[in-house]
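Start from the sequences and build out the full structure, keeping to the hints where you can.
So the protein sequences, as listed, match chains D and R.
Position 205 of the first sequence, counting from 1, maps to 204 under numbering that gives the first Met the number 0, and the rest follow consecutively.
Position 89 of the second sequence, counting from 1, maps to 88 under numbering that gives the first Met the number 0, and the rest follow consecutively.
A portion of the hints provided could be inaccurate.
[As the list claims (entries may be wrong)] Derived SDA-like pairs (lysine to any residue); straight-line CA-CA distance at most 20 Å:
{"#": "1", "chain 1": "D", "residue 1": "Lys156", "chain 2": "R", "residue 2": "Phe105"}
{"#": "2", "chain 1": "D", "residue 1": "Lys268", "chain 2": "R", "residue 2": "Trp103"}
{"#": "3", "chain 1": "D", "residue 1": "Lys156", "chain 2": "D", "residue 2": "Ser219"}
{"#": "4", "chain 1": "D", "residue 1": "Lys156", "chain 2": "R", "residue 2": "Ser104"}
{"#": "5", "chain 1": "D", "residue 1": "Lys268", "chain 2": "R", "residue 2": "Arg154"}
{"#": "6", "chain 1": "D", "residue 1": "Lys63", "chain 2": "R", "residue 2": "Gly129"}
{"#": "7", "chain 1": "D", "residue 1": "Lys156", "chain 2": "R", "residue 2": "Arg154"}
{"#": "8", "chain 1": "D", "residue 1": "Lys156", "chain 2": "D", "residue 2": "Ala176"}
{"#": "9", "chain 1": "D", "residue 1": "Lys156", "chain 2": "R", "residue 2": "Asp133"}
{"#": "10", "chain 1": "D", "residue 1": "Lys268", "chain 2": "R", "residue 2": "Gly153"}
{"#": "11", "chain 1": "D", "residue 1": "Lys268", "chain 2": "D", "residue 2": "Ala225"}
{"#": "12", "chain 1": "D", "residue 1": "Lys156", "chain 2": "R", "residue 2": "Gly129"}
{"#": "13", "chain 1": "D", "residue 1": "Lys268", "chain 2": "R", "residue 2": "Asp133"}
{"#": "14", "chain 1": "D", "residue 1": "Lys156", "chain 2": "R", "residue 2": "Ala91"}
{"#": "15", "chain 1": "D", "residue 1": "Lys268", "chain 2": "R", "residue 2": "Thr150"}
{"#": "16", "chain 1": "D", "residue 1": "Lys156", "chain 2": "R", "residue 2": "Ala134"}
{"#": "17", "chain 1": "D", "residue 1": "Lys268", "chain 2": "R", "residue 2": "Ser104"}
{"#": "18", "chain 1": "D", "residue 1": "Lys156", "chain 2": "R", "residue 2": "Arg125"}
[As the list claims (entries may be wrong)] Simulated coverage check for chain D against chain R, where a stretch passes if three residues somewhere in it have a Cβ under 8 Å from a Cβ of chain R:
{"#": "19", "region": "51-58"}
{"#": "20", "region": "219-228"}
[Unchecked claim] In silico negatives: residues of chain R with every beta carbon more than 10 Å from chain D:
{"#": "21", "residue": "Ala18"}
{"#": "22", "residue": "Ser156"}
{"#": "23", "residue": "Asp195"}
{"#": "24", "residue": "Ala199"}
Treat the hints as calculated values from the structure; they're not laboratory data.
From the three backbone atoms N, C-alpha and C, an ideal C-beta is built for every residue, glycine too.
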Amino acid sequence: MSPLDAILDPLAFPFFIRALLASTIVGLVCAVVGSYMVLRGLAFMGDALSHSAFPGVVIAYLLKGPFYIGAAVAAVATSLAIGWVTRRGQLRGDTAIGVLFAGMFALGIFLFSRIPNYVGDLFGFLFGEILGIGDTDLIALSVLALIVLATVAVLWKELLYATFDPLGAAAAGLPVARLDYLFLALIALTIVISLQAVGIILVVAMLVTPAAIGQLVASSFTRLLAVAIAVGVLSPVAGLYLSYWLDAATGATIVLVETAIFIVALLAKRGSSVVGSARGTT
Amino acid sequence: MTFATPSPESRAPAAAPPAQTVIELRGVTAGYDGEPAVEDVDLRIDRGALVAVFGPNGGGKTTLLKLIAGLLQPWRGDVEVLGAPPARAARAIAYVPQAELVDWSFPVSVWDVAMMGRFPALGPFRQPGGADRDAVAAALDRVGMLSHARTQIGRLSGGQRRRAFLARAVAADAQLYLLDEPVTGVDVPTQEDLMDLLAAESRAGRTVVATTHDLAAASRHFERVVGMNRRVVADGDVSLLSDPDVLSRTYGGHLLVIGERGVLLDDAHHHDTERGGERHFHDEERHR
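Structure representation (structure tokens):
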């Protein structure tokens, strides 16, 4: 089989095309939201919200409703609860996150274990099942992605200022508290969008890894965002093909591609700084 | 400071318009988690003033600054900036946090930081344009940072970092600069440079209020000093800082009567700043 065939063959399958579209959209949204998330120090929050979406997914399954709604309600409610507990100031943010996300995930597992019949569908949400994504899912995912991207496009300046210097931004009149809550809601929506592609357990990698790579190699926010988007959009393409050729789990392969890029960037950065210091001594 | 005169009005240029009140606090008590950090604060600061707020750690310096910035709501009393609650005057306020609260690894350049000063006035739907770029360039030029415009903020020296934030205030066209510990952690020559910049801003009609626990810096560079130890325990010109009694009150005791500047602060919660007699007793029934 020629290399060209290896690339063209899978494109004959509609499920592969849908998976390509869905995963690149997911990669794009995750990269954009993840860039702000990493700069806000909310990486752990991303992990927490994805786990807390689980009971919502299970309840939606039991009620035979769309999982998007269940996951979104559970994740947004948890994000607001975390924000509220943290703002009261008696507990550190990571403590509030730890308590609430573990509790929500446990609720999900509890409900899950009480379902008597076959629950194979639900495993897809834990580990991702992008090859099984349908046309309706793809449309719903695209609409949600558009909402998130449009919100960031409108509020990029305000989010950036409030992320960098919340006190200065609030004094200058930006509604920093409301932007904080809005951003948590954006993370929650992004997770909902990503659940089918990579699953609850690996979503955090889609959010954090591209932004982390951007942070390693870029010194301005625009470049960080550009690098994160490039990684976020190209990794799913590479990951999908690799998983197709190797017959491996798709979500995990996508995440592994991103992790590999991160390691290369880290080593290249270390290499360049060693060269830089060596030059400095001559 | 060699010609310090009894009346603060006398330092104003001859052609200056009548003093305009920029900051006014009346009977303000505020704090965190049920613990008051400042109590019963009355303070008036006029346009163009260059004021240092000094006092011990936990004395309420930053709390006072946050109240003026509208970052903290008073439990009792009123805070006004330009005659309105701080939130309504927000576009006129520039707040610069303590250097250690800033993430210096954040991927923004000096230019980006100054440009943020333009964001609140633009609002969500307008993008920065030519006028904003001109304003940022002018602001960077004014603080001497134009040649560092593209530098990531973590690569700057301590003095340059403060200039970058000052450029943001200038670019925002703020009327009131609130600076938390602007000269802490920089060497004396850098302090001199920064204070020259702040003095120039104050001469240009900007009102500058800075906290400091560096009394030497406060006495060298500011025109008026306000001592905070939960309450305003001293308020007057820099000669207060060489008064041992003032210092012991600020850093140890509570309230005092300060001699020649006629600032009287006592437990009977009435006071008279005796500045041209324009302000006298406040309504005392507000208390409890």
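How the hints compare with the structure:
no.: 1; hint: D/Lys156 <-> R/Phe105; verdict: 15 Å, holds
no.: 2; hint: D/Lys268 <-> R/Trp103; verdict: 19 Å, holds
no.: 3; hint: D/Lys156 <-> D/Ser219; verdict: 14 Å, holds
no.: 4; hint: D/Lys156 <-> R/Ser104; verdict: 19 Å, holds
no.: 5; hint: D/Lys268 <-> R/Arg154; verdict: 17 Å, holds
no.: 6; hint: D/Lys63 <-> R/Gly129; verdict: 54 Å, violated
no.: 7; hint: D/Lys156 <-> R/Arg154; verdict: 23 Å, violated
no.: 8; hint: D/Lys156 <-> D/Ala176; verdict: 15 Å, holds
no.: 9; hint: D/Lys156 <-> R/Asp133; verdict: 18 Å, holds
no.: 10; hint: D/Lys268 <-> R/Gly153; verdict: 17 Å, holds
no.: 11; hint: D/Lys268 <-> D/Ala225; verdict: 18 Å, holds
no.: 12; hint: D/Lys156 <-> R/Gly129; verdict: 16 Å, holds
no.: 13; hint: D/Lys268 <-> R/Asp133; verdict: 35 Å, violated
no.: 14; hint: D/Lys156 <-> R/Ala91; verdict: 19 Å, holds
no.: 15; hint: D/Lys268 <-> R/Thr150; verdict: 19 Å, holds
no.: 16; hint: D/Lys156 <-> R/Ala134; verdict: 17 Å, holds
no.: 17; hint: D/Lys268 <-> R/Ser104; verdict: 15 Å, holds
no.: 18; hint: D/Lys156 <-> R/Arg125; verdict: 10 Å, holds
no.: 19; hint: 51-58; verdict: violated (count 0)
no.: 20; hint: 219-228; verdict: holds (count 4)
no.: 21; hint: Ala18; verdict: 24 Å, holds
no.: 22; hint: Ser156; verdict: 17 Å, holds
no.: 23; hint: Asp195; verdict: 23 Å, holds
no.: 24; hint: Ala199; verdict: 21 Å, holds
Going through the hint list in order, the structure does not satisfy hints 6, 7, 13, 19.
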